[in-house]
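Taking this note's numbering as reference, the numbering of the sequence shown is continuous, increasing by one, and the terminal residue is 560.
Derived by calculation from the structure, the hints in this document are not laboratory data. None of the hints are false.
Label pairs and their computed distance ranges (CB to CB): (1) K511 - G151: 50 to 58 Å; (2) G126 - D526: 25 to 33 Å; (3) R290 - T361: 16 to 24 Å; (4) V105 - T548: 34 to 42 Å.
Predicted model only: the values in this text are computed from it and were never measured. Ideal placement from N, C-alpha and C gives every residue a C-beta, glycine not left out.
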Amino acid sequence: MGEFMSGKYAQKISVAVTALALSIGTAKAESSIWGADLPVPAIPGYTFPESESTLLGWVNGNSAADMANVYLHGWGLWTALNTPSGQSVYGIANAPVYLTWVTRQELVAMSQASKMAALKKQGPRKLQMGEVTQLSKFGIHSMQAKPKLKAAKPGAPSPDFDTMETVTYDPVSGQTINDRGYFKLATIKAAYDAKQPEIEAFPVNAVVVKPVYKVITKDKLYQNRYYVMAAWPGTPDVTPAIQANGFPEQSWNAGCVYVDTQNSGPSQASGVDASCSGPTAASTYGLGDFVNFKLTADNAALFDLGNKQKLVAGDTLLLMAMHVSSREMTEWTWQTFFWTPNPKAPPLPSSTAVAGAMPAQLTGPAAHYAGSYAYSMVTPNQPISGGQSVGQPVVGYNPYLEAGFSESTFGISRPIVDGSTSWTGTVGVQTNCMTCHALAAVAFTKTANPTYGTDFYIGRDDPYFNGTVQTEFLWSIADVVATQQSKANKAKSKK
66 MGEFMSGKYA
76 QKISVAVTAL
86 ALSIGTAKAE
96 SSIWGADLPV
106 PAIPGYTFPE
116 SESTLLGWVN
126 GNSAADMANV
136 YLHGWGLWTA
146 LNTPSGQSVY
156 GIANAPVYLT
166 WVTRQELVAM
176 SQASKMAALK
186 KQGPRKLQMG
196 EVTQLSKFGI
206 HSMQAKPKLK
216 AAKPGAPSPD
226 FDTMETVTYD
236 PVSGQTINDR
246 GYFKLATIKA
256 AYDAKQPEIE
266 AFPVNAVVVK
276 PVYKVITKDK
286 LYQNRYYVMA
296 AWPGTPDVTP
306 AIQANGFPEQ
316 SWNAGCVYVD
326 TQNSGPSQAS
336 GVDASCSGPT
346 AASTYGLGDF
356 VNFKLTADNA
366 ALFDLGNKQK
376 LVAGDTLLLM
386 AMHVSSREMT
396 EWTWQTFFWT
406 PNPKAPPLPS
416 STAVAGAMPA
426 QLTGPAAHYA
436 GSYAYSMVTP
446 NQPISGGQSV
456 GQPVVGYNPY
466 LEAGFSESTF
476 GISRPIVDGS
486 TSWTGTVGVQ
496 TNCMTCHALA
506 AVAFTKTANP
516 TYGTDFYIGR
526 DDPYFNGTVQ
536 TEFLWSIADV
546 VATQQSKANK
556 AKSKK
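Model the full assembly from the supplied sequences, consistent with the hints where possible.
What follows is the structure in structure tokens.
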């Protein structure tokens, strides 16, 4: 969903339903140590968790009204995530719900008995942010020094391309991972030895998110006031250069936008400075146009960038993007959000149809974002197993997460055939969240090779999964366990 290909194709969704007992029902969070429960905002037409049959009915119905319901559902999740939680975390009072959730690093520590006591004894929680892992896995460094765009003239501004990420789990998904030991190699190996093709499914109200931030520090400011970043131009035509290098921020050619760090509120801006020659009223935004967190002397030490850069009072985090997935469907729901200058007319991979479904209840900084959806791999829909990669592509991705992927990123590529024509995605701007996350697995044979893919249909019974254990569409589980596996293999080889 979102927009795929030229934006005219509708999406449908798989109809199979899991029979795994532990996936049925709504799990309740046990303790506030896991953060705030996801609220259900009072948005007409929005329910959480929504039944899979209702979601399938909307997507398979495929009318404009059906698609509006799907888009509304994603916006409802986004509204809930950004709702003030009533809790303080990282020194931020009344933090948004998603920020209170347990992080991947905390879950890894919890999964190791030797670290559990230390985790409980430590002082205030620290938010550990790092390079975007799905990029760094392939040698693309989101915090590494990058060539700057050539300034329009001497002294003109140059955008900052650095981004940081976290992965956080709502109380349901976090406890599921911890209680079932899904971050432990021994657990996944036991499933493989028992000939289980995949781990048991998560409860239907589990939610996992991947927030992406830009960090404003004093040394990055233009004229000691303006933070400069590249504007997303929309999905580009795929050229040989994009196939070779992807389409990372330093390649974006729409111009610049400016953030006035002296304006804590919203602006009236909705444009872009195409020449990157300097701030204008039309291209200069306030901090209040972003979900943002300005650090103070009391909490700056609670934010860890992991690259030895020390944050200080006055530094600010801007939320630029977020992947959002929920287990309301067997193949999870997939929606992703990114900041945009004009949320009423966002560029691809979003659309005016997606923007038009934004509910009136979503207000403030969180309403300054665009959405892209991938509730199916191809359209018309294929069954969860035993289907074919036919029909039309369904492209749904995030400019800050997948656009930088080149052709070399993907270890598996398959065409989508539509009658006498065929389409094959090769790069990040041709990806589908559901397809890529369907590939998440841990390998236990030399021939198995879990890898990323672009957009095509793949069933749960595909030979690709031979010699693996599927990790419920969550690459974070696969990555954590694969890292343990690699360390164990290296230790074994030294003996």
